[in-house]
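Q: Single-letter residue listing:
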Amino acid sequence: MTVSEPEQNLELLRQRVLANLSNRTSSGLVKVRLNNLEMEQVQIYKMLENTIKFNEGKSCLVIGPRGSGKTTMVNNALLDLQERFPNMFYVIRISGFYQSDDKSAIKEIARQLDWHLLRHSGNWSVSFERFSANDTMNSVMSVLDGSQLMEGKDQNGDDDEMQMPIIFVIDELDKYTNDAKQTLLYNLFDVAQSSSNSHAVAVIGLTTVTGVREQLEKRVKSRFSQKVIQLTKPRQLAEFCDSVYCMISVDPDDFEPSMLELAQRYNSHMKTLLGGASELRKLVVRNFYTVKDLNILKSQLTPYIAKMDMTTFSGGPIPLVNTNNRSFQILASLSELELKLVICAGRQLLKNSMDQVNFNIAYEEFERISSSQTNTLNSQLQTMGRVKLDSAHHSRDLMLACWERLIYYGLLVEPIRQINGINSSFYTGGESNKMFHLDVTVEDVARLFRHTDWVTKWCRI
Amino acid sequence: MSQKSLQGWTFELKEPENGTPRRSRRSAAAAVGQIRLTRDADRLELKKGDTVLVSSGTGPPDVALIRDIDFGTDTFLDVRVLWFMRRSEADDGVLPQDSRLENDVFLTPIAEKIRLDDIVGPCTVLSASQFAAVRLDSSNRGSTFRCQRFSDRDSYFSDLVDWDDYVSRGTEYVYQQVKELAIPPRQGSPRKKKRTDTPTRPKTPKMRSPEPMVLSDSEELDLEDLDSAYESPLEERPRRRERKRKPRAAQKSAKSSSPSKSTPRGLRKVNNSVPVLPTVIRQKFFEDDNELVIDDDDLQEVVDTDGKVVKTFRKAKEKLLPSAKLQTLPCRDQESAQLYSSLLDAILSQLGRCIYVSGTPGVGKTATIREVIKQLFVNLANDNDKKMFNYLEINGLKLMSPPAAYEALYHKISGDNVKAGAALDLLERHFETKDETRLPLVVLLDEMDQIVTKNQTVMYNFFNWPTYENSKLIVVAVANTMDLPERLLTNKISSRLGLTRIQFPGYTYAQLSEIIKHRLEKIERANENKLVISKDAIEFASRKVASVSGDARRSLVICVRALEIAEMEFLSKPQQERDELQGRYTVGIMHVMKAVNETTSTPVANYLNSLSFAAKMVLVAFLLRRKRTGSAELPLGEIIDEMNNQFGMVLFSELKRQLSHEQLEMLEVLYGDENSRLRVDGLGYIVRELDESGVIAQQQLRAERLRLVRLNVNEDEIIGCLKRDALMADLIATM
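As you go down the protein sequences, you meet chains R and D in turn.
Position 49, counted from 1, in the first sequence is what full-length UniProt numbering calls 49; the numbers after and before it change by one each time, with no gaps.
Position 625, counted from 1, in the second sequence is what full-length UniProt numbering calls 625; the numbers after and before it change by one each time, with no gaps.
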C-alpha cells in the first residue's frame with residue numbers, strides 16, 4: 001500500500017466494521033443501516049406519524065424471515081420519530097418469546113406503562129400493575145380503551161388535548177395466535193381501530209409466519225387494519241451482495257477527515273472483493289445458494305475481519321459454521337464398540353425394515369457378525385496351518401453399557417408413543433427389550449467412515 | 001392504634017389561641033385545635049413542638065420532634081413526628097467538624113407516625129448557645145441534645161442554623177425549612193429508577209392526606225426535587241435504620257386492623273384509582289378547517305393546491321376510519337328499532353330481561369346497541385327528568401377470566417372491588433332483595449361466547465338473575481353465531497335466554513356503499529364536488545366485501561387504504577402534473593383494486609420466490625417423495641435422502657452455469673468442505689426456517705431423521721411458484 005496509516009486508525013476502522021457486524025439490532029438505541037428497505041421503513045414511519053399527529057389508530061403486520069431486518073426497520077423508524085416528536089409518544093414492546101401468554105403480556109404492558117408514567121411525571125403512588133391479572137387488565141384497558149360507552153362520561157370531549165399516543169411493538173406475534181381466544185391481539189387491535197380524538201394507539205406486529213393473517217380469529221381479523229408489510233430475502237445474487245456490502249462497509253461520514261480516505265479505500269476494496277473472484281465472494285455465493293442468511297454470514301465474517309490485515313485488507317481465514325446434525329459429530333467420537341453397536345442396530349433396521357430396535361436385536365446381530373468374522377479369520381489361519389484363535393469376547397453387560405451410553409448421547413431416541421393420550425414412558429419390560437429409534441442410518445455411517453476398513457466391512461450387508 | 005391503645009393516656013382539646021406563632025398554617029389542624037396528651041403513669045405531657053425520645057427496639061432511643069397530634073383517619077389519634085438523626089448514625093467522614101459532640105442531633109425532613117406506646121420520655125433539644133450553658137451530668141446526658149444543623153439522613157448536612165429561632169416559629173415552619181435546607185443543592189441529576197420498597201419513605205402530608213391541600217407560598221416546593229432528594233440517599237443508606245424500623249412497623253400492622261400504610265404494597269392498595277396517562281397538548285397540525293399548516297417535510301415543497309388535496313385526503317380518511325364518530329348509523333334502522341322498543345319496555349316495566357344479539361364481526365352490533373343506549377339515556381331523561389337506568393359494558397374478551405365478569409358487575413353496583421367468588425355471593429343477595437329505589441341496570445355482554453366456561457356457571461348466572469323478581473337486570477348478550485344458545489349452551493341456560501333474539505345480517509353491497517357514502521357526504525359537500533372517491537370505486541369495494549363477509553370494517557379499511565394509495569400516487573407525480581390537476585384528485589377503481597388485492601393476497605408466493613436454492617430443493621424433495629409414497633406426512637430423513645439422490649442424478653445445468661461464473665462446483669457449494677456429502681450445508685437451519693415461516697410444519701423431536709414434516713400451504717401454490725424459477729425448471733417439469 002502506498003501510504004501507511006497510523007496503527008490506531010486501522011484499529012478504529014476494524015472496530016467500526018466489527019461493530020456493524022455484531023447484532024445490535026433489537027436494542028433500538030442506534031440506527032442500523034439496512035439495504036433496500038427504505039420504502040417499507042417510510043411506510044411504517046408514515047403510519048406512526050399519522051398516529052401521533054392525527055390520532056389515526058392503525059395496526060400493521062410486518063412479516064419476514066429471520067434476519068430480514070424487521071425489528072431493525074421498526075426500530076429505525078421509531079428512532080426517527082423520537083427525533084422528530086421527542087417525548088410525544090410511548091413505545092411498549094412485548095415479545096412472544098418472553099411473555100409467552102396473554103396474561104404475562106398484559107402484566108408487561110402494565111409494567112412498561114408504569115415505567116413511562118414514572119419517567120414522565122415522577123408519580124409512583126399509582127400503578128397499572130396490580131396483584132391480580134384481572135385488575136391489571138382492567139386498569140390497562142381503562143386507559144387504552146376510549147370506545148367504551150360509560151355513564152357520565154362526556155363522549156365528545158376535548159379536542160386539543162389527547163392522551164399520549166402509544167405504539168405497541170409485538171415481536172413474535174404468532175405466539176399470541178396460539179391461544180384460542182387471542183385476548184391480547186383482540187384488545188390491542190380493537191383499541192387501535194377505535195382510536196379516537198383523545199386516544200391514539202398503533203400496533204405493529206412482527207412475525208416470521210407468512211400465513212399469520214389466516215391464523216387470526218375472525219373477530220380479531222375484522223379489527224385488524226389489514227396492512228401487511230412483507231420483507232423477503234434478496235432474490236438475486238447481486239442484491240444479496242449489496243446487502244452484504246451494506247453490512248460490511250463503513251459509512252465514511254462517521255470518520256474524522258484524516259481517516260476519510262482510509263475508509264473510502266476500505267469500502268472500495270470490499271466492493272471489488274465482493275464483485276470479483278475472491279474467497280469472500282465465494283463465501284457469499286455459497287451462503288446465497290444454501291441458507292441465504294445474513295446473520296450466519298455475519299458470524300462467519302467476524303473472525304475474518306478480526307484477523308484481517310488492515311494495511312492490505314487481506315482477510316483472515318473464513319471459518320465454516322457447521323449447522324448440521326450433531327449426530328454426525330457424535331458418531332466421530334464414539335468408541336469402536338459403540339460404533340459397532342450403532343452399525344448393528346442400523347443393519348437390523350435395514351434388513352428387517354423395522355423402524356425401532358432394541359438392545360437384544362442389536363446385540364444378536366453384533367454377536368453374529370463378530371463370530372462370523374472370527375470364523376473367517378480362523379479359517380484363514382487354518383489354511384495357513386496355524387492354531388485356532390480365540391477372539392476377544394465382549395460380554396453382554398459391557399455392550400449394554402455401550403447401548404446405554406448411546407441413549408445418553410442421543411443417538412438412540414425413545415419414541416414418543418401415546419396410548420390413549422398417555423405418554424407410555426412407563427415401560428417396565430427391562431432395559432434390553434426397550435425399543436428405540438436410531439437417528440442415523442448405516443449408509444450415513446458408511447459414508448462418514450469410508451476410509452476406515454473395518455467399518456466398511458461391518459456396514460456391508 | 002385504636003381508641004383502646006390510648007389506654008393510659010388522656011387527651012384534652014385546647015381551643016386554638018389566635019395570634020400565636022404556634023398557630024398552624026394548615027387549616028385542617030386549625031379546625032381541631034391543639035391536642036394535649038397526658039400519660040397517666042408519669043404525667044408526661046405531650047403537645048405539638050415537644051421533643052420526645054422514642055423507643056427504637058434496639059440501641060438508644062430515637063429523638064423526635066412532634067410535628068402534630070391529630071385525630072387520625074385509621075387510628076384514633078395520629079402523632080406525627082420528625083426524626084432527628086443521632087450523631088452516632090452519621091458517617092464520620094461527612095460529618096462537619098464542629099458537630100461531632102456526643103449529643104449532637106440533626107433534624108431530618110422524614111416525617112412518620114409513631115405509636116404512643118413507643119414514647120419513652122421527654123427530652124430537650126437546645127440550640128448551640130443554650131447547650132453551652134447547660135452542664136451535662138448523668139441525669140440529663142441521655143435526654144439533652146444540641147441541634148445546629150439539618151440533615152437529609154445520609155451525607156448531606158445543612159449550614160449552621162439557629163434552633164431557637166426555628167422553634168419559636170412553630171413546627172410547620174420548622175418542617176418546611178428542614179425540607180428545603182436538608183436538600184443537597186447539587187441534586188439536579190436526572191432521576192434514576194425509583195425504588196418502590198423504601199421502608200422509611202418520606203411521608204409528607206401531600207402524599208398521605210386524601211383531601212387536596214392548599215399550598216402556602218413556602219410549601220410550593222417542587223415535589224419532584226423533593227423526591228429526588230430523598231430517593232438517592234435512600235439507596236445508599238446504611239441498613240441499620242431499616243432494621244430498626246421494621247419491628248415497629250410489624251407491630252403496628254399486627255395491632256391495628258386498618259391496612260398499614262408503612263409499606264408500599266399497602267399504600268398501593270389504598271390507592272386503587274387507575275392512573276391516568278399524561279396528555280400532550282398537540283401542536284395543531286391543521287390550524288383550522290381551511291388553512292393547511294405545512295409542517296410535513298414532504299409537504300414542504302407542495303404548493304397550496306396540493307396541500308388542499310392532501311388535506312382532503314386526510315379528512316376523508318378520518319371520516320372513513322372505523323373509529324370515526326358518527327351521528328347516526330345508516331342501514332340498521334330495523335334492528336335498532338327492535339332493540340329500542342324491547343329495552344324501553346324492559347326499563348319502563350322494571351322487569352329483568354335477556355336480549356340476544358347475533359351477527360358476524362363488523363356488522364355493527366356493538367355500535368348499534370351503544371347508539372340505542374345513548375338515545376334511551378337522552379329520551380328517558382328528558383321524559384322523566386331523572387336518570388332512568390344504569391348501564392354497564394362487559395366484554396368477554398377484555399376479561400382475563402370469565403368469573404371476572406362478576407367483579408365488574410359488582411363493582412358497577414356497589415363501587416367495591418371484591419374477588420369473583422365473594423362478588424358472586426353478594427350479587428346473588430343483591431338481586432334477591434327487594435329494593436324499590438333501585439334503577440334498572442342494562443348490561444351489555446359483548447363477545448358472550450368467551451365467558452362460556454365448562455360448566456357454564458357464569459353464563460347461567462347472567463341469564464338467571466334477570467328472571468328474579470326484583471333484579472331489574474337487563475342483559476343484552478352479543479355473540480357471533482346465531483345458534484350459539486343451542487350449540488354451546490345447555491338447555492337450562494338457553495331456556496332462560498328467552499326468545500328476544502335480534503339477528504344482524506351481513507351488510508349487502510348496497511348498504512356498504514351507503515355507509516361509505518354516508519361517511520363521505522359531508523366532505524363532498526364541503527369540497528365543492530371535488531369528489532374524493534368515485535362512485536364506481538365505492539361500489540367496487542362494497543361488492544368485493546359484501547360477497548365475502550359483509551364486514552363494514554373491512555370495506556372501510558379498504559377505502560382508507562385506497563385513499564392512501566391514491567395519496568402516495570399523487571405525491572409521487574411530478575410537480576407539473578400536480579399543478580395541472582388543480583387540486584382535484586379522484587380515487588378510482590384502480591386504487592380500490594390495489595387495496596383489495598393487498599388485503600386478500602397472501603404473502604406466501606412472495607416468500608416462496610425469495611427462498612434460497614437449497615430451501616426450494618427441500619420443498620421439491622418433499623413433493624417428489626410424497627408423490628411416490630402418497631402419504632401427507634414424511635419423516636425428514638426421507639426428504640434428506642431424496643435431496644441427496646436428486647443432487648446425484650439431476651443435472652441442474654442452470655445452477656452449474658451460474659456457479660461456473662463464480663468458479664465454484666455445485667456439490668462443493670451445497671455440501672461445503674465435508675467430503676461425506678451427507679447433508680446440505682445448513683440443512684437444519686433451512687428446515688427450521690421453513691417451519692417458522694409456516695410453510696411446513698415440523699414435528700418437535702430430538703431425532704432429526706424421524707421428525708415428521710407436513711406441508712402447510714397448498715401444493716399447487718408451491719409448484720406454481722417454483723415453476724417460474726429457472727433453477728428448478730427441469731425438476732418441476734417431471735412432476
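Any given hint could be a false lead.
Dumping the calculated DSS-like pairs for lysine-lysine here, alpha-carbon to alpha-carbon at most 25 Å [what the hints assert, rightly or not]:
id, chain 1, residue 1, chain 2, residue 2
1, R, K218, D, K535
2, D, K594, D, K517
3, R, K46, D, K594
4, D, K517, D, K492
5, D, K656, R, K282
6, D, K594, R, K227
7, D, K311, R, K103
8, R, K103, R, K53
9, D, K315, R, K53
10, R, K53, D, K317
11, D, K387, D, K374
12, D, K387, R, K227
13, R, K282, R, K307
14, D, K419, R, K181
15, D, K412, D, K387
16, D, K311, R, K227
17, R, K107, D, K419
18, R, K46, R, K31
19, D, K535, D, K311
20, R, K103, D, K412
21, D, K315, D, K573
Simulated from the structure, these hints should not be mistaken for lab results.
Q: Each of the hints needs a verdict: does it hold here or not?
A: Checked hints:
no.	hint	result
1	R:K218 - D:K535	violated (29 Å)
2	D:K594 - D:K517	holds (20 Å)
3	R:K46 - D:K594	holds (19 Å)
4	D:K517 - D:K492	violated (45 Å)
5	D:K656 - R:K282	holds (14 Å)
6	D:K594 - R:K227	holds (12 Å)
7	D:K311 - R:K103	violated (41 Å)
8	R:K103 - R:K53	violated (31 Å)
9	D:K315 - R:K53	holds (13 Å)
10	R:K53 - D:K317	holds (14 Å)
11	D:K387 - D:K374	holds (12 Å)
12	D:K387 - R:K227	violated (43 Å)
13	R:K282 - R:K307	holds (18 Å)
14	D:K419 - R:K181	holds (23 Å)
15	D:K412 - D:K387	holds (16 Å)
16	D:K311 - R:K227	holds (22 Å)
17	R:K107 - D:K419	holds (19 Å)
18	R:K46 - R:K31	holds (18 Å)
19	D:K535 - D:K311	holds (20 Å)
20	R:K103 - D:K412	holds (24 Å)
21	D:K315 - D:K573	holds (21 Å)
Against the hints set out earlier in the document, violations occur for numbers 1, 4, 7, 8, 12.
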